Each structure stands twice: as structure tokens, then as C-alpha cells.
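2 protein chains.
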Amino acid sequence: MPDSSTSTPSDRVPVYLDCDTGIDDALALAYLLGRPDIDLVGIGSVSGNIDAERGARNTLDLLALAGRDAVPVAVGAHDPLTGSFAGGAPHVHGSNGIGDIDLPAAGRGPVDGSAADLLIRLAHEHAGRLQVIAVGPLTNLALALRTEPRLVDLVPRVTIMGGAALVPGNVTPVAEANIANDPEAAAAVVEASWPVTLVPLDVTLEHVLDEDDRSALLASGHPLPRALGEMLDLYYGFYVELYGERCSALHDPLAAALALDGVAATVAPAVPVTVDATDGPGRGQTICDLRNQRQRWVDRDGAHVRVVLEAEPPLGPHLMQTILGAFGS
Amino acid sequence: MPDSSTSTPSDRVPVYLDCDTGIDDALALAYLLGRPDIDLVGIGSVSGNIDAERGARNTLDLLALAGRDAVPVAVGAHDPLTGSFAGGAPHVHGSNGIGDIDLPAAGRGPVDGSAADLLIRLAHEHAGRLQVIAVGPLTNLALALRTEPRLVDLVPRVTIMGGAALVPGNVTPVAEANIANDPEAAAAVVEASWPVTLVPLDVTLEHVLDEDDRSALLASGHPLPRALGEMLDLYYGFYVELYGERCSALHDPLAAALALDGVAATVAPAVPVTVDATDGPGRGQTICDLRNQRQRWVDRDGAHVRVVLEAEPPLGPHLMQTILGAFGS
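These protein sequences, in sequence, are chains A and B. Take 1 as the starting number for the first sequence in the numbering used here and just add one per residue. Take 330 as the starting number for the second sequence in the numbering used here and just add one per residue.
The hints are simulated quantities; they were obtained by calculation from the structure and are not laboratory data. Please read these numbers as outputs of a predicted model, since none were measured by experiment. Keep in mind that a hint or two might mislead.
[Unchecked claim] To list a few chain A residues with every Cβ distance to chain B over 10 angstroms, as calculated:
no., residue
1, G34
2, D79
3, R129
[Unchecked claim] Derived coverage of chain A by chain B (criterion: at least 3 residues anywhere in the stretch with Cβ under 8 angstroms from a Cβ of chain B; other residues may be distant):
no., region
4, 241-252
5, 280-291
Don't be surprised by glycine CBs; every beta carbon is placed ideally from N, CA and C.
My request is simple: use the sequences and hints to build the entire structure.
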């Protein structure tokens, strides 16, 4: 992470976060708020783990807990580009998206305009500098691209938590939830000619928080880490089946950390990526062309999507340090 | 491998081989001919590596070289269930399917009737005992199932070289050649309620022959191993890109060896398998539901397809020993 002890607002990296808050979204948000070298200039919500409206409210409440009420939050798409929102993942994130814990209600609401509008405005305002981090379904980004095709030139990099390259999916045998929730949007975003970093299950499942981390969050004197520790209770329960112990994958925070060089992508070939948007059994799969990569990882000519397969060091300690460093007491 | 030194014809396991000969098909054929405990009761050809007619001729010529002219060979489907044969893989197997080497022409031709007819007849003749080993596209098996649905009860096990579960495909990012050449047939064969052992690229790429093996084949006093050594020259050349050295994957012989317990499937969960037969980017993929298998490999209730992910010991030595043991001098 760059030394930012002396950074001024204009030095800081402007970041737009698109999310469906969501327990791991909350961790990603806390991580971004804890990074002194970035400027979180806007957040859009989208239906995914929970509906877009509730996701925005969760985000606003978390920002209030962090004392960061100046960050604008826009409500994004309720429904995917085709069809309608299927109801989220209450078995993973609770019926309210944040593990069924209660947060004090923020004293403000979302800004006017859609998440896509906000993204477009910020991309122009921070032309060539805005880091876009998308950790939910890609509906807002696809809508923004439709309205403002120049986004691909204005935004230097889009980092997406989503997909599965060489590991099984988590909602179908081949599809990961963020992509499966809106394959048409994901196809549009991945096909657009901007530099994309795809952070799939291959790598996000390898970075975890455990019970010791949760205890440390709960022991904090600040309400934000405590709330994170509380909501992780339900999330850890969900992951017992996968990991055989109470812990959690760090899907969304890993995308945030990779976007901002908090951890490094150590295996991340740039290869052709196609999203299956058929109605067949592969719907929602991120088809990454990783053929002939047996000897070494090679970038393919003209590929603008980098698929992260390994990241180092383990995110857990850096994530904890960043959150507790900013909100420890 | 069972001790068969005293086995009589009726003790021996009856085997039907469906193939698209092909260099690794030739290795599988030699392996089967070298196994004294099995009775190769019939062979059908299908278009894949080469067209079905040429595949049958290659098979007949190899059988003649082995002195096994009694094994019936039937010409199978030239075209897949939908569309037409796309021309094979001359860059892998040579323009004649067997590495562009010349074999003495067999003194006989194929039997009357199709490969599907032959399979149906043999399944009745050896009801409950016939091991079906399919190492080409699955067109013949699908046609046989259409004609005789009771095949699923007559045949105790179908072992298929095909597909890719958690590794990239070899003709598209997700599809392996045998399945990609006729996804509709593969879907029908995998959905039929017979016990299927799927031997995908995940495991076949891990078993190889190398230059020492090829030298040993070339040094044989028998023309069959010598021919195999000669045709492997071209095959090894193809695999340099993948492995970084001259060697070859043992796709088809591994399926044959697994079917007949020459090597053991050490990781082979029974899971739901769906073949993508859409016209989308996933066409030809074998979608194996391997979710939640992180802690240990678990068979899923009701799944009738076993997906081999690891096999031991390495096939190379057993394959060489079997072929040179039978045809060494």
C-alpha cells in the first residue's frame, strides 16, 4: 500500500464502489473507508445479495457508523437487464443483507439520480483516474455504458468480484452469484473495451477471516468493527459446509484490496473472457480461455480482461489491520 | 489387473470399443489387445479424429498387424446427430489419423451393419457383462440407445474418454473434442440411466508417454509396437506446446485402463453431469456439479456418472508393460 500519511485529497485515488451490501460488501466498504490514501467519491447499490433499496440503506447506515456521511450513495437497478430480481441470498447474508443485525439508522437518504448516473458523473469529474470497484451484479455498470459509451476511455480500470474460472460456481455448477444474477449485464461490461480485472471464486475462496479475527472485531471500541463482527456470525455459519469450520471467504474485500494494491495479483493472465448469457445450463458462467497455460501463465494478445487466480499475501491480516487501524478505538 | 494366466474365453470380460482411430485410440486398442483377461468382442468406428470410414480402416489395419483379424469392426456414424462432420484433427493425428505412417492393408473389410447395430447385438449377447469403452464422439452410442433403450439395463458400465471438469477444454475454452464433436449425442449418453465413468482431460493430461517409451516401442521386434512408436512422432510434436517437451497425453488408453482396473480411479465422485448442447459459448462442455467438494470428495445422491479426477498409479509403465508384454518380440 502506498504511504499516504501526507496525502492530500487531490493525491488520493478516487474510487467508485458498486455493491449489494451484503456482509462481505460491508467488509469491503470498511476496508475502503479505512484506507487513508483513497477517496471514496461515490457508492451505487444494486440488487444482488439483497434488493438495491435495502442495499443502499445498509450502506448509508454503515457510513453513518463510520462517521462518513459525506460519501454519496445512489440507489441502483432493482432488476437485472432481463427478468426481475430473484430475491437475493437471505440464507447467506440474512433477511436484511447484513446478517440480521440492527444498525442505527443513518440520518440521511440516498442522493437523487441512479447509481449509473452517479458513476457517469464521477467518471467525468475524475476522468482517467476513477477506480471502479464492482462487487455486486453488473447491472449499473451496463446501464452506465449504454448511456455513456465513453466510460471505457474515462475509467482506467474496473475491478470486478465475480465469476469462476477453474473452480465450480456457487449458485450453479459453473456460475457465481454476481454474474448469474445478471449475465447480460456482465457480458456487456466484460466485452466493453476498458481494462477489467476479474476477481473470481478461484482466488476469493482462498482468502478468509476466522474466529480469531471475528473476536478482534467484536473487541473493538468502535461500533463499525463491532457491527462487522456481529454480522459475520451468520456468514461464518453459512461457510461451515464449504470450509468445514466457521470462517468466511473474502470475496468483495479482495476485489477492493486488489484494485488498490493492498494485496498483489500474483497469477493474473489477461485472456479472452466470454460470459454465457444463453438460457442453457452454462448461463452465468465466465468462460475464461485458459488453454495452453500449463507450463506458465501467458497474456493473450489483445485481451483486456485480467483474471486473478492467485493473490498474495493472504488478505486477512491486511484487512484486519486496515479496519482496526482506522476504527480500532 | 486380475491374474488371467488361466482364464478361459468365457471368464474373460467382454469389451466393446467405440473409437475414432486416431493415435491415442491406437494405443488404447493395443492395450486392449494386450490384456489377456479381456475379450475384445467388437469395435465400432465414429468420425472424430478422422472420418468413421478411415477410422475403421486404421483399426482393421492395426488388428491385422496384431494378428487379430477375428475381431469384428463396424463402420459407425460419419456425421454427428446434428450437422455434419467437420473434418477431424489432422494437426494432431495426421491426415490419415495415425500420424501419416503407412500400415500394411488388412486383408478384410468391416462387417455389415452399423457400429450401433454391432453394439446392440453384443449387448444382448453378453447381457449384464459387456464393458463399453467409448473414446470418440458418442454418436454411435446415442444412436444405439435410440434403437434399443434397454441398453441401459444390458450394459453394466460405459467408460467414456471425454469432457473437462475443472480444467480448460482442448477445442474451446471449456469443451473437449469428443464431446464438442457431438454434444447432442453426449447429452443423450450421459443422461441415459446407465452407470457412466467419465474420464475427462483433468485426469488424462496427467498420464503421459515420453521419448524413452517411444524408443522402447520402436525397438520392439513386433510391427505393432513399432507402428505405435512411429505414429507417436507426430503426436509428440503436437503436445510440445502444452507440456513444453515431446510427450503425449494418454487420453484413450486411460479410459480403457480405468474400465478394466488396470489403474484405479482414486478421485472419482459421482455427481450430476450435464452436457451443454446449446449453441452458446459453452457448447460441448461437460458441466460437472463439483460444488462443495472442498473438504472431501462426496458422491451425490442418485448421480449415475462418476467423474474421474485422479487415477493411480501413472498409466505409462502399465501401458508399456501390457503392450510390450504381448507384442514385445
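Going down the list of hints, with the structure as the test:
no., hint, result
1, G34, "holds, 30 angstroms"
2, D79, "holds, 23 angstroms"
3, R129, "holds, 33 angstroms"
4, 241-252, "holds (count 4)"
5, 280-291, "holds (count 9)"
Violation of the numbered hints given earlier is absent; every hint is satisfied by the structure.
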